[in-house]
Amino acid sequence: MTLNIFKTIGIGVAFSPNLEANINEASRLSLYLSSKLVLIHVGEASEDKKKSFTTYLEPYIEKGLQFEIVFKPGKPVDVILQTIIDANIDLLLLGALKREKFVNFYLGSIARKITRQAKCSILLLTHPAVNRSVCEHIVVNGLDEAQTEQTVNSAIFMAHKFGSKSVTIVEEISKQKLSITVEDDLSLRKSNIEKAKLKRLEEERIDAILNKIPETYKTNLKIKSQPIFGTSGYSIGHYTEVVRADLLVMNAPKKLSFWNRIFPHDIEYILTELPSDVLIVR
Amino acid sequence: MSPKNNISTFLKSLPKNIFSGFVVSLIALPLGLGLAMASEAPPIAGIIAAVVGGIMVSILGGSNVTITGPGNGLVGVLLIAISTLGLESAYAAIICSGALLMILGFLRMGKLADFFPNSAIQGMLAAIGLIILGKQFHIMIAQTIKRKDNVDYLIEIPSAIINLFSITNKGLIFAAIAGILSLCIMVFYSKIRNKYFQLIPAPMWIVMLSIAFSYYYELVLKLPHPIAAEYMISGIPSADQIISELPSVDFSKIGSLPFWLSVVSLTLIASIESLLSIKAVDKLDVEKRRSNVNKDLKALGLATIGSGFLGGLNVVTVIARSSVNVNNGASNRSANFFHAFFLVLFIVLFSSQLTRIPLPALMAILVYTGYKLANPNQLGRILRVGKEQLIIFFVTLFVTLFVGLIQGILAGIIATFILHVLVNKSLKLFAKNVLKPNVLMFREHDNNENYFISVKHFCSFLNFYKLKERINAIPENQDVIVDFSMCEFVDDTVMENLSNYQDLFHKKGGHFEIIGLDLHDSETKHPFALKRMLPVPNIIKKSLTRRQNSLEVLAKDFELKYSVDKNKDLEFLEPFEYFTTKEFNFSNNHLLDEKSGAKIFDLEYSEGEFIAKETIRSTMFYLSLNTIIPEFTLDKEGFLEKAYAFAGYTDINIEKHQDFSNRFYLLGKKPREIKQFFSNELIHFFESNPYYHVESNGNSILVFSKERVASLKEIKALLYFGKQLADLIED
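Taken in sequence, the protein lines are chains A and B.
Using the working numbering, read the first sequence as starting at 1 and increasing by one per residue.
Using the working numbering, read the second sequence as starting at 1 and increasing by one per residue.
FYI, nobody ran anything at the bench for these hints, they're computed from the structure.
Any given hint could turn out to be false.
To be verified - No more than 20 angstroms apart at the CA atoms, straight line, and that leaves these computed lysine to aspartate or glutamate pairs for EDC-like:
hint, chain 1, residue 1, chain 2, residue 2
1, A, 212, A, 136
2, B, 295, A, 185
3, B, 468, A, 183
4, A, 165, A, 215
5, B, 111, A, 185
6, A, 224, B, 444
7, B, 508, A, 47
8, B, 295, A, 184
9, B, 279, A, 215
10, B, 288, A, 184
11, A, 224, B, 449
12, A, 190, B, 469
13, B, 595, B, 687
14, B, 283, A, 184
15, A, 63, A, 48
16, B, 283, A, 68
17, B, 706, B, 730
18, B, 288, A, 185
19, B, 556, B, 607
20, A, 51, A, 20
21, B, 507, A, 184
What the hints assert, rightly or not - Partial list, computed: chain A residues near chain B (C-beta under 8 angstroms):
hint, residue
22, 162
23, 191
24, 194
25, 224
Computed from a prediction, not measured in an experiment: that's the story for all the values here.
Ideal Cβ positions, reconstructed from N, Cα and C, are used throughout, including at glycine.
Make the full structure from the sequences, and use the hints.
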């Protein structure tokens, strides 16, 4: 059994100051996961462009990187979304922007549109760098959804490939799940009993998922589960920031309607304040 | 706890609760009459509110040691309601506000009080205080005037005082003297630390002295009462009159705007006053229970409806009476019930006596209450938090005085928000993040399983309820860490509330730590948080007082280490029984004996809240022992202890030493061990030395004599006594 679901990795490339870093990140990841890399450039093809891309790829080609460069003129969002389908891309890399003076990151409007509409998994990079910094700690959601199993699998797979030290599976216990409101000592006691019960149930569910994962992936990896009390979908980002994790792996949102953007919740919050690199698994 | 056990502890604590209910009713009687009269309602309306409130809230409420009745804060609103709507429609407004209060309870709006910035609430309370003070001051000095605006009453106080000297009418002179004397009783009551004098609360002294004075004229001098008849309380109905002559309630103005303005103001102030009081009383509760505020709101609402129909005022939780309740040993809601019961008893037995109280005397109680609400000391405290707080305070104060209550508190909220925006130079910070769930809580995965709470963006009165909700879900005996390192702005309301939580957790054996604010220090863009966190210490060292200089000499003489500095770290005193209902301020003038570890220090602490608040400074001896001894309290035996014993405290009798048992009052949970511990030698030691209050908490002893700072000679004696005692115990 292999957990790898990312056979083809795509990245949009433009001639920006981040170009070298972005290509380096993408190539490195492709090599780690032994996937094929697809560079997507919005614009007409030309030998010059191709040449400059390949110079950056050179060191990785030597190590056996398989790659393809797609040139296509048009609107950036449309081109990238179309290429995802055409080239069968499983994972798309997007770079986040850093707000001036502020520490937090956010996604540009193009990246945000793609994130919402893409049919593949997406990795949002906050610090694209020429030389990869180590990914020591991965945080993954343990939501009570069918998709979670795949998400946890991907997180463990990534951790295994990156040589990470620990993976934290976060179960969000939201207020809605608690039937008792704390008002006095008695309700406090009851609510804590209920919380402990919920926590146990959550842990059982996570254990069931973990048990299916082959041992080889789990060796040398510290896996723990952490219940947090906060707002579902948002607080996990907050948690990632607090524990200074390097990667957050999340389920893709089920469906984003117009209202979700006006009253943002879940993943929308995470997109406005990226706590770390974020992998959204579809 | 099994139900049977519950009943037996309830019965066991009943005498204490009856006793404290009785003491509280002594204050509630004059206050109830006065508050009602200040609101221009019939005097009995205040008593009705207290009785209905006491009975209903004690049965249905969710708090433990609170007392309910007519509130100070409501005087201003009730006054407007009664003068604009008329008394019968005002009853209708009271009933409607009761219904609204119940709805708030059902909607779990107990967190409502969290949305008001501290300085705005203080400004509003000060304005209410000034309204009460302004109006009643004139009655107190027998010069009733009628003005349209609240402010006019205040402005005319100086001229009223000047007028005082030109009064020729003897009846009025006596009335004014009664008022001024009563004010003196209120002011100087807490200064006199005499047990017997303090047994009766100050307002009751005023009532008793007034009635005694009236009988003196009637029976001894056989003269008519010297105070002018219009300055005597009138219109106190007898008990059966209250029941037979229920007031008619007029709902005809229910469609009008002024009616609903009154209803909303009544509800707003009633809920704020109650919620703040409940919060403050929970801090005093010996058993550190948590009140169910929503349940209390429902009960208060229902009580208000009942009180309105019976011709009473709004029922709110009141802080001064509650703190007296706690100080007198109340342990559950039955004390509130008995306070109501004794009030009924007073009315049934003595209602005709109450007409012997002069109005100015009663109003002196209210003038003092008003002064306490608008205490100028507050300004200094607010200024220490930050200059901008003063702006908020005054905006609220003036808008409340000149325009109205609702407008005042709204202005305070808006002013606070504008200042926050200005201080941060960013509206975006608030606009973007106000709806975001900014609080994360989880338990850390290490040995002690701390609760870790991280707060993002900003934390101010606008979104404090989110943080509060999380903290409330943690049992207070746990360890909590609140991290603000990702939070760009923390306001003073949050800091003050958190510091209250710190106390609470501390008292219940938990730990509450705030981290991540040192960052704000260096960034300098958060002056609010900064000032809150690090109140500027006194940089200029004050020169020493004469006593301090002598203490320095004494320290050299006795080879002790002396330090003047204020110390707020007083955890070691908490286990002592004596301090369970008291709050520490600080200790200073420490004399430390480095060999034995014994120390003598001046301690400032306070008991009670609001008008019942008394700040006490006392010199104490403390020594932590090497051996374990039983916990006990030893004090002088006296009348007060007899009264306490009557109320269910047990004095441990040591059979062989009847003289000792007669002279000393010995208290403790384990009588047998204590009896064993009190050897002949120890008893002889106590018998042959001057009286001290001696207390042991198992591994340390605390000795002090008077509830005031000791003189040099007394300190030497205390030191000698303490050391001798310690030596004797350790042998």
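Okay, the hints, checked on the actual structure:
1. A:212 with A:136: Not satisfied, since the Cα-Cα distance of roughly 23 angstroms exceeds 20 angstroms.
2. B:295 with A:185: holds (13 angstroms)
3. B:468 with A:183: holds (12 angstroms)
4. A:165 with A:215: holds (15 angstroms)
5. B:111 with A:185: Since the Cα atoms of residue 111 of chain B and residue 185 of chain A sit roughly 17 angstroms apart, the hinted pair holds (cutoff 20 angstroms).
6. A:224 with B:444: Given that 20 angstroms is the threshold and the Cα spacing comes to 12 angstroms, the pair holds.
7. B:508 with A:47: violated (74 angstroms)
8. B:295 with A:184: holds (10 angstroms)
9. B:279 with A:215: The given pair, whose Cα atoms are some 54 angstroms apart, is violated under the 20 angstroms limit.
10. B:288 with A:184: Holds, because 11 angstroms separates the two Cα atoms, which is no more than 20 angstroms.
11. A:224 with B:449: Roughly 14 angstroms separates the two Cα atoms, so the pair holds.
12. A:190 with B:469: Satisfied, since the Cα-Cα distance of roughly 16 angstroms is no more than 20 angstroms.
13. B:595 with B:687: violated (28 angstroms)
14. B:283 with A:184: Answer holds: residue 283 of chain B to residue 184 of chain A is near 14 angstroms, not above 20 angstroms.
15. A:63 with A:48: At roughly 24 angstroms apart (the allowed maximum being 20 angstroms), residue 48 of chain A and residue 63 of chain A break the hint.
16. B:283 with A:68: Violated - the C-alpha atoms of residue 68 of chain A and residue 283 of chain B are around 69 angstroms apart, more than 20 angstroms.
17. B:706 with B:730: This hinted pair is violated, its Cα atoms lying about 26 angstroms apart.
18. B:288 with A:185: Distance ~10 angstroms between residue 288 of chain B and residue 185 of chain A Cα, so the pair holds.
19. B:556 with B:607: Given pair residue 556 of chain B, residue 607 of chain B is violated - Cα atoms ~34 angstroms apart, limit 20 angstroms.
20. A:51 with A:20: holds (13 angstroms)
21. B:507 with A:184: Roughly 17 angstroms between the alpha carbons, so the hint for residue 507 of chain B and residue 184 of chain A holds.
22. 162: Where the cut-off is 8 angstroms and the nearest Cβ of chain B is about 22 angstroms from residue 162 of chain A, the hint is violated.
23. 191: holds (6 angstroms)
24. 194: Since the shortest Cβ distance to chain B is 11 angstroms, the answer is violated.
25. 224: Hint holds; residue 224 of chain A Cβ to chain B Cβ min 6 angstroms, cut 8 angstroms.
Hints 1, 7, 9, 13, 15, 16, 17, 19, 22, 24 from the list above are not met by this structure, while the remaining hints are.
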